[in-house]
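**Student:** Note that the protein sequences, when read in sequence, are chains A and B.
The opening position of the first sequence corresponds to residue 1 in UniProt numbering, with each subsequent residue numbered one higher.
The opening position of the second sequence corresponds to residue 1 in UniProt numbering, with each subsequent residue numbered one higher.
Hint data in this document are derived by calculation from the structure and do not stem from the laboratory.
Note that CB positions come from ideal geometry on N, CA and C, so glycine has one too.
Take the hints with a grain of salt, since some may be wrong.
As the list claims (entries may be wrong) - Just so you have them, the derived chain A footprint on chain B, three or more residues with Cβ under 8 Å:
(1) 28-41
(2) 76-86
Said to hold, decoys possible - Derived pair list, reagent style SDA-like, types lysine to any residue, alpha-carbon separation capped at 25 Å:
(3) B/Lys536 / A/Asp583
(4) A/Lys48 / B/Leu586
(5) A/Lys147 / A/Leu105
2 protein chains.
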Amino acid sequence: MTAYVPPVADMSFLLGDVFDFDEKMSVLPGFGDINTGLATSILDEAGKFCARILEPLNRPGDEQGCRLADGVVSTPQGFPAAYRAFVTAGWAGLSGAPEFGGQGLPHVLQLLLDEMLSSANLSFGLFAGLTRGAAETIFHHAGDALKQQYLPKMIQGEWTGAMALTEAGAGTDLGQLTTRAEPCGDGTYALHGTKIFISSGDHDFGGNIVHLVLARLPGAAAGVRGISLFLAPKFLADEAGETGLRNRMSVGALEHKMGIHAQPTCVMNYDGATAWLIGEPGAGLNAMFTMMNAERLFVGMQGLGIGEAASQKAVAYARERRQGRGADGSLGPVPIIGHADVRGMLLTGRALTEAGRALGIWTALQMDIAARHPDPATRREAGGYVALLTPVVKAACTDFGFETAVKSQQVFGGHGYIREWGMEQYVRDARITQIYEGTNGVQAMDLVGRKLPMENGDPARRFFALMRDDLAPQAAEELEPARRAVASALTRLEDLTGFVLSRAGDPRETGAAATEYLHCFALVTYGWLWVRMAGKAARNSSPALARHKLAMARYFTSRLLPRTVALESAIRAGAADIMAADDALL
Amino acid sequence: MTAYVPPVADMSFLLGDVFDFDEKMSVLPGFGDINTGLATSILDEAGKFCARILEPLNRPGDEQGCRLADGVVSTPQGFPAAYRAFVTAGWAGLSGAPEFGGQGLPHVLQLLLDEMLSSANLSFGLFAGLTRGAAETIFHHAGDALKQQYLPKMIQGEWTGAMALTEAGAGTDLGQLTTRAEPCGDGTYALHGTKIFISSGDHDFGGNIVHLVLARLPGAAAGVRGISLFLAPKFLADEAGETGLRNRMSVGALEHKMGIHAQPTCVMNYDGATAWLIGEPGAGLNAMFTMMNAERLFVGMQGLGIGEAASQKAVAYARERRQGRGADGSLGPVPIIGHADVRGMLLTGRALTEAGRALGIWTALQMDIAARHPDPATRREAGGYVALLTPVVKAACTDFGFETAVKSQQVFGGHGYIREWGMEQYVRDARITQIYEGTNGVQAMDLVGRKLPMENGDPARRFFALMRDDLAPQAAEELEPARRAVASALTRLEDLTGFVLSRAGDPRETGAAATEYLHCFALVTYGWLWVRMAGKAARNSSPALARHKLAMARYFTSRLLPRTVALESAIRAGAADIMAADDALL
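Chain A on its own, in the form it takes in the complex (with noise of 0.2 Å):
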């Protein structure tokens, strides 16, 4: 098996060639010095991290998962030293906010760092992940107390973070959990439940873990509007500020999972657990939120860098794999990228994970500019795109990094069945991606029901208007099928939105469009980013980058892109034939 690559250069393209990161840095207060060449010498520095000291580890940890034995649960082998070279190198804070010990470098670098984390090492970078999301919520909610307390080692990452929401009886539906909090009269509370599901709920790698946890209050309202989130740590500060005392939570089990092996996925009891209420009352589900939005961009990521992994994995077996004719007649046995069915599978991975990774370059950008633009209304404006395009992400980028990952496998032939060639380990990690942090389907529903209507529709169409602006002629004659098919798959996705908004006020139907939806919508949207790849490319890079990236944005179009017209007529067939099926003959 060929060793991982990161993809700086394609990173580099997208940032300096196709998305003019340099001039968008330069207005950005803070970020004046920021620019391509910088972000490529830190991503290339991430990368060879990750390369080198993470995907070593990944196959390792998953035949050894993780272990609990008298309540202690020990990661596999590397793994606890790993952790301690990652914060030790400052890659735990490259995003955190300086205030307290973060770098403060732009949203999008962090995203790259997640995409190349997730394709050396899933199970290692949600250890990072869940913690900056669980930092950035303490960041935005909590009190000055706490954030002193604990921000400072979160965002270095010396302490990590878990969150607590899932109960057995309480997954999608939140409003269902039952764990309580009592208060104890000194300001602080004590939790009562079991939460299910929880990722790096404990590990071996030293530190405290912070745990943010959802409960009801006596008397609380009931559903979710009950709910409130506290912060219950594993060690509580002694009278020295040291973290001597070990609260009352415990690992109940590791769940034994498809995949992520290395991640140990805890169930936790608390059991009179010492806390402190994040923000108000009844609140709790809002401040989840900010939490729960950082983590399904990161979730997206995940599912890209998987895709990456796996894709860039069969391109290479694919040039030394010979096997039958070539397709001039010659006898061969010929490597196998040369059979047009192989490539295809191949093309499709690498048109997918291309794009994917443009859409979380444009969506990490429009963070940036959401904090830090002078301009109160470009900062409304980019921060809408990020509502908007989240849920995208998430599923998008989870979905097809998933399809990539299968096709990937099936490159392989039989040993990509085998457990020992890595490929099958992608597809069962990439599996998780499109189920938690509210599975593919609430994605979808979130992006329908909620995003879409948001500010009278403002935000969709304003990116419906982007893409359109951007999708203006281009110069080069051999891109303008790929354009004009782009175009006109815009056009029909913007009838099929006020067809999807009309009948919104029906549940039946907004969940019957939501899947089919949100893939055309992204369909469209990773169309729009080839052409513009391809646009770029053809001005900015090199003759032999340049044809290649005009081949890629024509498969996409000419392969993948009428998927939305398919897609388009399922969802135009509405909800009637769904809800009609006689459930007792199912």
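Dock chain B against the given chain A, drawing on the hints supplied.
**Tutor:** Using the frame of chain A, we list chain B on its own:
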């Protein structure tokens, strides 16, 4: 987790109400007394065996896996006893030749047994399927002495079979294989070589294990024309005719796989193993195709069986699991089967599974007709359908089986990712069915490159005409939109077939079209079958079942059939965009 319920009612509906089983059997010599009632009671008993004996071993078998110690393979606890019970009950010989102790029942019953075996325990079913394929090859190609010696025990399942084709450097491209067969001068041969991925290569069920091995004779031609087929048993007959002597073959290793852990997939070393030639020198691949064609239908049923089991369990879970508000706005929590997005996943699984079963039954009926019909033209015609549809059944039922397993797992949310719930095993197990017995890419190339053009395209033309005749206007008005949609998709498929065949001279064009074409062919065929099922249910079934099948037919045609439009666009784009991408930049 609910228990698997053998879908005997649907099988009985398909045989009796949809495909005129009694009438078809009545004209086949020897099958005059076989009818739907008899078939149903046989399937009922077989289903009980699968549900009661085999399914309880499925998850433990996955957890425990197979072991190799001191050259001896152990299957998981309970497997040897279950296998003996399977043989004793007579299930191994259901469709075997009566002259060798088989029961000689129709292929269609065998196919439905295969589906249920696969639903209950894919790893277990593979032992039976491979034995049958090996026996069939011996039956058709070996001399009388070998037949007399091996077939009685194999057909009754006392002895098992294995196919030894693949080598590390020779997978899809068998022409590269290097295993040698040296004549010993006494009519036997000594085999030297190493084969990989040998399912059922060894086990602890007792009895002999009959390996069919592809190898080269000295001086054989290069490529596939130099390949011969040999029979090498694990135990040789001693002078008393007992199987006392160990042949010179050994298990080099067990493969570590993504799934089917209870199936001992072996690396086999043949170190001068005594073997007998089957058929003519150099005709090995031809003989092996007998085995592979039987196995391909079997593997299709494996994919179907996994889809059936997974979607059954998803439906059962969705009936019980309560999350979220009702579609009528009621507070809930309501069973998630009422949520349109969940229903969409469930209905997709059911629609693909039930149509796949119909396709399997129709194809197996043609096998029975091809084997027994008194009229040679009818036999030839039926044989053409079987040849045409074999790659479709294999690839479509496994691709859709995998899709169904993934969607069914998704219905379980986070629980779907947890091993104890059993859903992730279906995904892991299903994945092999898309890869082995010729990857689904190979099936697609077989359909487009060999089966469409065979006999000047007659079988394909006849099959399209048959579907068109059957799609003549129905009585039920509610079925009209579905019928029209399928009829129109069929017209497009026929045009598309001409387009694909017109480019068949260029392997790049064939490769670029093959997978999408096979899916398009399968979806149109499924559409025809849904219209037929709904139409027959309207005439022959209870009003409730008729309404349900109508809803399913409408669901299939409005939500899944439109995929054909996207596939057609992709196919018509041709190979140019696939070939243009720069290998070095992928």
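**Student:** Indicate, hint by hint, whether the structure satisfies it.
**Tutor:** Structure-based check of all given hints:
1. 28-41: violated (count 0)
2. 76-86: violated (count 0)
3. B/Lys536 / A/Asp583: The hint holds at about 21 Å.
4. A/Lys48 / B/Leu586: Distance of about 21 Å is within 25 Å: holds.
5. A/Lys147 / A/Leu105: The hint holds at about 20 Å.
Of the numbered hints given earlier, the model fails hints 1 and 2; all others are met.
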